[in-house]
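Heads up: the sequence lines are chains P and U, in that order. Per the numbering used here, residue 1 is the first one in the first sequence, and the count goes up by one each step. Per the numbering used here, residue 1 is the first one in the second sequence, and the count goes up by one each step.
Some hints here could point you the wrong way.
What the hints assert, rightly or not - Pair ranges (Cβ atoms, derived):
id	chain 1	residue 1	chain 2	residue 2	range
1	U	47	P	138	25 to 33 Å
2	U	47	P	182	40 to 48 Å
3	U	69	P	33	32 to 40 Å
4	P	200	U	136	58 to 66 Å
5	P	138	U	165	33 to 41 Å
6	P	204	U	182	32 to 40 Å
7	U	255	P	266	34 to 42 Å
8	P	33	U	31	22 to 30 Å
9	U	42	P	22	53 to 61 Å
10	P	77	U	62	18 to 26 Å
11	U	182	P	22	56 to 64 Å
What the hints assert, rightly or not - These stretches of chain U come out as covered by chain P in the derived footprint (C-beta under 8 Å, 3 or more residues):
id	region
12	23-36
13	65-76
14	79-90
Note that these hints are calculated values from the structure, not bench results. Beta carbons are placed, not taken as given, at the ideal position from N, Cα and C, and that holds for glycine.
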Amino acid sequence: MTAAWAARARTGFVAPVFLWLGLTVAAPLALVFAVSLGESTQGAPPFEWSLTLSNYALVFSDTLYIGAFANAARIAATSTAICLLIGYPMAYAIARAPERKRGFLLFLVILPFWTSFLIRVYAWMALLRPTGLINSALQSVGLASEPLELIANEFAVHLGIVYAYLPFMVLPLYSTLERIEGSLVEAAHDLGATPSRAFWRVTFPLSLPGVAAGCLLVFIPATGEFVIPDLLGGPDTPMIGRVMWLEFFQNRDWPVACAIATLLAASLALPVVIADRLRATTR
Amino acid sequence: MSGMQRGLSWLPTALAAGFVFLYLPILLLILFSFNDSRLVTVWAGFSTRWYAELLRNERMIEAAGLSLGIAAVAATIAGVFGTLAGYALARLGAFALRPLFALLLLVPMVLPEVILGLSMLMSFSALERLIGWPAERGFLVVALAHATYGTAFVALIVEARLRGLDPAMEEAALDLGAGPLRAFLRVTVPMLAPAIASGWLLAFTLSLDDLVIASFVAGPGATTLPMLVYSSVRLGLSPQINALATVLVISIGLLAYVSARRGAQRRSLST
């Protein structure tokens with residue numbers, strides 16, 4: 001390729017996309033930060049430009065917001081751990097399956113990702129309600145005398161997150177596990193390692209980049225999740241994504257909603273950096 | 001191989017249990033869409049009455065039409081920008097500000113949707129103050145917001161596909177005197193067609209499925225299908241929603257299956 005063509009191509013291909021990304025990604029995020037420094041008013045739109053930190057002061061002084069941040073991080077972290085515990089054996093089983101079967105097994109993992117998120121959450125509402133399928137089944141076989149409280153609590157939120165995000169854990173785990181040479185594991189066996197020792201000393205360390213990627217793909221969106229805590233959660237453990245939603249739609253306080261969004265985006269940048277470092281060191 | 005299987009005999013069982021967990025709730029949902037009772041949990045015989053009711057529900061049909069139109073426009077815009085972006089990442093090497101370019105493509109994929117939705121509403125609102133558009137946030141506004149979200153996913157698929165394609169064909173076209181645009185449109189795009197098609201399909205389904213971003217940006221006049229489903233689900237379970245869910249799950253499942261099969265065939269032909 002000639003240098004002149006390359007230069008023309010760079011401008012021709014990169015410039016329109018840069019313009020598009022600047023207008024649709026960078027400018028909107030910058031505006032969120034700008035509005036977070038504004039003052040709430042009664043007008044339309046309900047804020048005035050300003051340079052005040054009072055919205056951040058409010059978020060940091062009110063235990064509702066701090067508590068919702070902590071709840072979201074804790075619930076997302078435990079759900080991510082459960083996803084890893086369920087997803088790792090699944091990914092490993094697919095990677096060890098005969099090659100002609102892998103495509104189909106992988107398709108079965110991806111298919112739920114294509115089907116509506118809202119409908120997958122709705123499916124659990126039908127199962128978990130006091131008059132839902134699980135409770136009717138338990139009562140009809142006499143295992144419960146009255147309906148168990150399966151919905152509108154933290155248990156249901158964990159279940160919903162694990163259910164909705166499991167494919168995001170399995171896919172990156174599969175792609176690292178599939179690339180690990182079988183000969184390395186066999187060598188460990190030949191040198192006398194027990195299967196569990198071979199797994200923990202060879203396979204697992206080599207799969208760490210996939211573990212990191214999978215955990216990030218679950219943890220980050222789960223922390224800001226709105227639909228799952230709204231439909232499956234209860235009032236006791238508010239999560240920050242839903243608190244921000246209510247601040248915006250119910251209180252119509254755009255500056256506080258933007259301050260929460262800014263803090264959430266900034267705190268989610270941290271796990272990305274950690275994972276990036278982790279990947280760099282394991283390579 | 002036999003050595004590797006030692007102590008791992010429980011793995012297929014774990015995989016099967018995982019699939020039961022992933023599919024059982026959806027299968028029960030489909031089963032109960034054919035239930036003759038209004039109660040979502042008591043089986044009262046086979047019936048298709050909820051499908052008939054769904055077809056008579058004008059608000060639902062209208063919302064479905066709006067969502068399908070938005071998804072088609074959003075996926076097409078995302079297809080154009082995503083293809084250009086994927087090409088830039090795979091073929092143009094270290095252009096100026098490449099790390100920023102890659103970051104801006106990554107952000108919509110990883111940030112929680114509530115932040116994306118809020119940010120897009122902030123920019124449409126600022127735009128309205130500046131130039132008076134969009135005064136009513138309807139079809140086009142939601143489509144543009146969804147296109148932003150979809151661009152990143154199309155770029156990811158196109159970039160991955162281009163990395164697996166030999167650049168020799170494109171170079172040959174250039175050596176034979178085709179201009180960069182002509183070489184791109186006549187050689188690269190046809191080779192990429194399957195990747196662009198699956199990227200388009202993914203952007204389409206992401207748009208069709210989105211509740212959060214649409215709720216933030218859409219004005220009172222535009223209610224998409226997920227927004228309508230969400231508001232009726234909040235009021236309680238309804239067998240009509242089961243019927244709608246069945247239609248969506250089966251049609252999207254078939255699309256995904258066809259797209260996966262075509263992808264597999266292309267791969268086996270090209271190797």
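Does the region 23-36 of chain U contain three or more residues whose Cβ lies closer than 8 Å to a Cβ of chain P? n = 6 at 8 Å, threshold three: holds.
Quick check on a hinted range of 18 to 26 Å for residue 77 of chain P and residue 62 of chain U, using CB atoms only. Roughly 42 Å apart at Cβ, these two residues miss the hinted range, so it is violated.
Given a hint of 33 to 41 Å, does the C-beta separation of residue 138 of chain P and residue 165 of chain U actually sit inside it? Once the Cβ atoms are compared, 55 Å apart, the range 33 to 41 Å for residue 165 of chain U and residue 138 of chain P is violated.
Kindly confirm whether 40 to 48 Å is satisfied by the beta carbon distance between residue 47 of chain U and residue 182 of chain P. violated, 53 Å
With a cut-off of 8 Å between beta carbons, are at least three residues of the region 79-90 of chain U near chain P? Held - the region 79-90 of chain U has 5 residues with a Cβ nearer than 8 Å to chain P, which meets the minimum of three.
Is the distance from the Cβ of residue 69 of chain U to the Cβ of residue 33 of chain P consistent with 32 to 40 Å? holds, 33 Å
Residue 22 of chain P and residue 182 of chain U - C-beta distance against the hinted 56 to 64 Å: 28 Å Cβ-Cβ, so the 56 to 64 Å window is violated.
At the C-beta level, are residue 200 of chain P and residue 136 of chain U separated by a distance inside 58 to 66 Å? holds, 60 Å
Can you take a look at whether the region 65-76 of chain U is actually covered by chain P? Rule is 3+ residues, C-beta closer than 8 Å. violated (count 0)
For the range 25 to 33 Å, tell me whether the beta carbons of residue 47 of chain U and residue 138 of chain P fit it or not. holds, 26 Å
Distance restraint evaluation - residue 255 of chain U, residue 266 of chain P, Cβ atoms, bounds 34 to 42 Å: Distance hint for residue 255 of chain U, residue 266 of chain P holds at roughly 38 Å.
Okay, residue 33 of chain P versus residue 31 of chain U on CB: inside 22 to 30 Å? The hinted range 22 to 30 Å is violated for residue 33 of chain P and residue 31 of chain U, with Cβ atoms some 48 Å apart.
The structure fails hints 2, 5, 6, 8, 10, 11, 13 (numbered hints given earlier, in ascending order).
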